[in-house]
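A.B. asks: These are the residues of each chain, in order.
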Amino acid sequence: MVVYDKRLLKKLERKANLIRRHVVRMIYLAGSGHPGGSLSAVEVIVALYFHVLNIDPKDPKWPDRDRFILSKGHGCPAWYAALAERGYFSVKELDGLRKLGSMLQGHPDMRLCPGVEASTGSEGQGLSMGVGMALAARLDRKLYHVYVMVGDGEMDCGQTWEAAMAASHFRVDNLTAIVDRNMLQLDGPTAQIMSIEPLADKWKAFGWEVGEIDGHNFTEILSALERSKEVKGKPNVIIAHTVKGKGVSFMEGAVAFHGKAPDKEQYEQAMKELGGEP
Amino acid sequence: MNLNDLKLESQRTYWAKALVELGRERQDIVVVSADLSTSVKTSVFAEEFPERHFNVGIAEQNMMSIAAGLAACGKTVFASTFAAFGTGRVYDQIRQSIAYPKLPVNIIATHAGITVGGDGATHQIVEDVALMRALPNMTVIVPADAPETYKVIKAVADHKGPVYVRMGRADVPTITTDKGKFKIGKASVLRDGEDVSLIGTGIMVSRCLMAANILEKHKISARVIDLSTIKPLDTKTIIKAARETGGVVTAEEHSVVVGMGSEVAMCLTETAHVPMKRVGIPDVFGQSGDSDELMEEYGLTAEDIVEAAHDVISRKGR
Numbered sequence: 003m004v005v006y007d008k009r010l011l012k013k014l015e016r017k018a019n020l021i022r023r024h025v026v027r028m029i030y031l032a033g034s035g036h037p038g039g040s041l042s043a044v045e046v047i048v049a050l051y052f053h054v055l056n057i058d059p060k061d062p063k064w065p066d067r068d069r070f071i072l073s074k075g076h077g078c079p080a081w082y083a084a085l086a087e088r089g090y091f092s093v094k095e096l097d098g099l100r101k102l103g104s105m106l107q108g109h110p111d112m113r114l115c116p117g118v119e120a121s122t123g124s125e126g127q128g129l130s131m132g133v134g135m136a137l138a139a140r141l142d143r144k145l146y147h148v149y150v151m152v153g154d155g156e157m158d159c160g161q162t163w164e165a166a167m168a169a170s171h172f173r174v175d176n177l178t179a180i181v182d183r184n185m186l187q188l189d190g191p192t193a194q195i196m197s198i199e200p201l202a203d204k205w206k207a208f209g210w211e212v213g214e215i216d217g218h219n220f221t222e223i224l225s226a227l228e229r230s231k232e233v234k235g236k237p238n239v240i241i242a243h244t245v246k247g248k249g250v251s252f253m254e255g256a257v258a259f260h261g262k263a264p265d266k267e268q269y270e271q272a273m274k275e276l277g278g279e280p
Numbered sequence: 006m007n008l009n010d011l012k013l014e015s016q017r018t019y020w021a022k023a024l025v026e027l028g029r030e031r032q033d034i035v036v037v038s039a040d041l042s043t044s045v046k047t048s049v050f051a052e053e054f055p056e057r058h059f060n061v062g063i064a065e066q067n068m069m070s071i072a073a074g075l076a077a078c079g080k081t082v083f084a085s086t087f088a089a090f091g092t093g094r095v096y097d098q099i100r101q102s103i104a105y106p107k108l109p110v111n112i113i114a115t116h117a118g119i120t121v122g123g124d125g126a127t128h129q130i131v132e133d134v135a136l137m138r139a140l141p142n143m144t145v146i147v148p149a150d151a152p153e154t155y156k157v158i159k160a161v162a163d164h165k166g167p168v169y170v171r172m173g174r175a176d177v178p179t180i181t182t183d184k185g186k187f188k189i190g191k192a193s194v195l196r197d198g199e200d201v202s203l204i205g206t207g208i209m210v211s212r213c214l215m216a217a218n219i220l221e222k223h224k225i226s227a228r229v230i231d232l233s234t235i236k237p238l239d240t241k242t243i244i245k246a247a248r249e250t251g252g253v254v255t256a257e258e259h260s261v262v263v264g265m266g267s268e269v270a271m272c273l274t275e276t277a278h279v280p281m282k283r284v285g286i287p288d289v290f291g292q293s294g295d296s297d298e299l300m301e302e303y304g305l306t307a308e309d310i311v312e313a314a315h316d317v318i319s320r321k322g323r
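If you're matching them up, the sequences are chains A and B in order.
Note that the numbering used here has the first sequence beginning at 3, numbered continuously upward.
Note that the numbering used here has the second sequence beginning at 6, numbered continuously upward.
One or more of the hints may lead you astray.
Facing chain B, from chain A, some residues (calculated, C-beta under 8 Å) [what the hints assert, rightly or not]: (1) Ala-120; (2) Ser-121; (3) Gly-123; (4) Ser-124; (5) Ser-130; (6) Val-133; (7) Gly-134; (8) Leu-137; (9) Ala-165; (10) Ala-168; (11) Phe-172; (12) Met-196; (13) Ala-258.
Result set (EDC-like, lysine to aspartate or glutamate): computed pairs, CA atoms no more than 16 Å apart in a straight line [as the list claims (entries may be wrong)]: (14) A/Lys-144 / B/Glu-30; (15) B/Lys-159 / B/Asp-33; (16) B/Lys-321 / B/Glu-249; (17) B/Lys-159 / B/Glu-30; (18) B/Lys-222 / B/Glu-249; (19) B/Lys-107 / A/Asp-111.
Hint data in this document are derived by calculation from the structure and do not stem from the laboratory.
Using N, Cα and C, we set each Cβ at its ideal position, and we do this for glycine too.
Given these sequences and hints, build the entire structure.
C.D. replies: Spelled out as structure tokens, the structure:
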């Protein structure tokens, strides 16, 4: 296991906590949204935006930039918060989530929001788009890498596996998929709604290099993301084991908070747990 | 004009010719197929530019979203398959991955409508135009013949946004020339007339011309309009035709439910009330059969257009 600088890990942990506070506040102010799947994705998104991605927030359309797609578009509050904190737009914009005229739509709109690479929301399409972007890099002889975060619920979608097959067939190796394996989907536990295990074996069978990590542990996330760029001749998937609603006690593992905003009391409680001012 | 005197040519051959030329001229042209490349003729492009052609197998959803990813990185993408699989099967992928972000993906659909023939209703999509024209940001074009198809392909390659181009499987009578450029959104008046306007799209434009010939023998002067762009609609030409001729017949090889005819009807309801009749496929699924037999079975012949024209004229001034 790679040993990372303690200051780096500390910095990322602080960012993750800050992003969580944004997420809870944004969804509370919006009165609707998806806290569970936003909170489970925080560490991976923070690792990407604050350490791994080769990007320039001042030039969001820089042709050589790395691409990140949030295929599970409902988790976008975490993405928006990371983009704002990274300097793509003002942190004040976060208060506009889901409000009329805001660039922060309930699900990501690549035309409206700087830094958003793909419009997602209807599940299962992001990995295919990522394959297209990775193929474009090959045609243009560019060195950028494409990262796609998919939800474990998206493992139900046939298109996810069409994309998995194609990425492997085209020997796309500038593509990394990250599965946010938080074990829950809207209607209940993934194991009850639609069995997707053995998940790692499925990806292996589709020709992918597979890694499994604790999706809240920065050392594991960073080393997996860095290793994924070294894989040649085939695509790479990281199954990130996470906790839905991570960081807020009453949201953790709670199906109810897949798509529900906290009320005032819950909001205040959540912010207290996250160490921030309500 | 007799249909038998006209040269029959393949729209698919002309589309492939235009595509290959574009491929030679422009590095940004990329093609995606879904196991039908030999049928839709993208195989011709693939042969010359194998590195810029991606065949994803029988996975149209994947094809559309891969096309979107390529387009998001600056490519001008042509995604081609049968109309049935390039619209209904992938409506949501087109909607979210392509139309919503307004990406330059040209969906080139072949084998549309009942003239597919023997394959039957599963392959004879008659509601694809309805689906595509309902999408914001989408342009919908149904070329009348092979030369127009060629010009349409060249035009859509320069269009900044998604386009749906529809063509059939059968060879079609050539009624236009290869002169000039195709202008998206501009209908062309192929024949002037004063008593009634025959507005056709796709293969029905040649039937409208034939109908105009028959009507001439009945001392009726019919204007014939090639309405190849269904969205955006050339309302100016349509309203002018309605006002000047006082009656309109539309003709399409597509369901009359939310097809081109309904779009024209909606336009005229709000602007120029004239008697109108829509020639097209009724609200039913197709069936196997010979193309010409099916055209007769579903009321898509020149004679059907003539009959509709008489009906419209008889209702004038009522």
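A.B. asks: If a hint holds in the structure, say so; if it does not, say that too.
C.D. replies: Hints, one by one, checked against the model:
1. Annotation: A/Ala-120 was flagged as interfacial toward chain B, and the flag holds, the nearest CB pair being 7 Å apart, inside 8 Å.
2. Because the beta carbon of A/Ser-121 sits about 5 Å from the nearest beta carbon in chain B, less than 8 Å, this interface hint is met.
3. With a least beta-carbon distance of about 7 Å to chain B, the hint placing A/Gly-123 at the interface is held under the 8 Å criterion.
4. Satisfaction of the interface hint for A/Ser-124 is found here, the shortest Cβ-Cβ separation to chain B being roughly 5 Å, below the 8 Å cut-off.
5. Against a cut-off of 8 Å between C-beta atoms, the interface hint on A/Ser-130 holds, since the closest Cβ of chain B lies about 3 Å away.
6. Annotation: A/Val-133 was flagged as interfacial toward chain B, and the flag holds, the nearest CB pair being 5 Å apart, inside 8 Å.
7. Given hint, A/Gly-134 at the interface with chain B, holds; its Cβ is 2 Å from that chain's nearest Cβ, closer than 8 Å.
8. The beta carbon of A/Leu-137 comes within 6 Å of a beta carbon in chain B, closer than 8 Å, and the hint placing it at the interface holds.
9. With 8 Å as the threshold, the beta carbon of A/Ala-165 comes within range of chain B, its nearest partner Cβ sitting at about 5 Å, so the hint holds.
10. A distance limit of 8 Å between C-beta atoms decides the matter here; for A/Ala-168 the minimum to chain B is near 5 Å, and the interface restraint holds.
11. Taking 8 Å as the C-beta contact cut-off toward chain B, the hint placing A/Phe-172 at the interface holds, the least distance being around 7 Å.
12. For A/Met-196, the interface hint is violated, since its Cβ never comes within 8 Å of a Cβ in chain B; the closest pair sits about 18 Å apart.
13. Interface hint status for A/Ala-258: violated, as the beta-carbon distance to the closest one in chain B is roughly 27 Å, over 8 Å.
14. For the hint pairing A/Lys-144 with B/Glu-30, the CA-to-CA distance comes to about 21 Å; that exceeds 16 Å, so the pair is violated.
15. A C-alpha spacing of about 14 Å is found between B/Lys-159 and B/Asp-33, which places the hinted pair at or below 16 Å, so the restraint holds.
16. A distance of roughly 13 Å separates the Cα atoms of B/Lys-321 and B/Glu-249; the hinted pair therefore holds under the 16 Å criterion.
17. Our distance criterion of 16 Å between C-alpha atoms is met by B/Lys-159 and B/Glu-30, whose separation comes to about 11 Å.
18. Proposed proximity of B/Lys-222 and B/Glu-249 is contradicted: the alpha carbons are some 21 Å apart, above 16 Å.
19. In summary, the hint linking B/Lys-107 to A/Asp-111 is supported, as the alpha carbons are separated by about 11 Å, within the 16 Å threshold.
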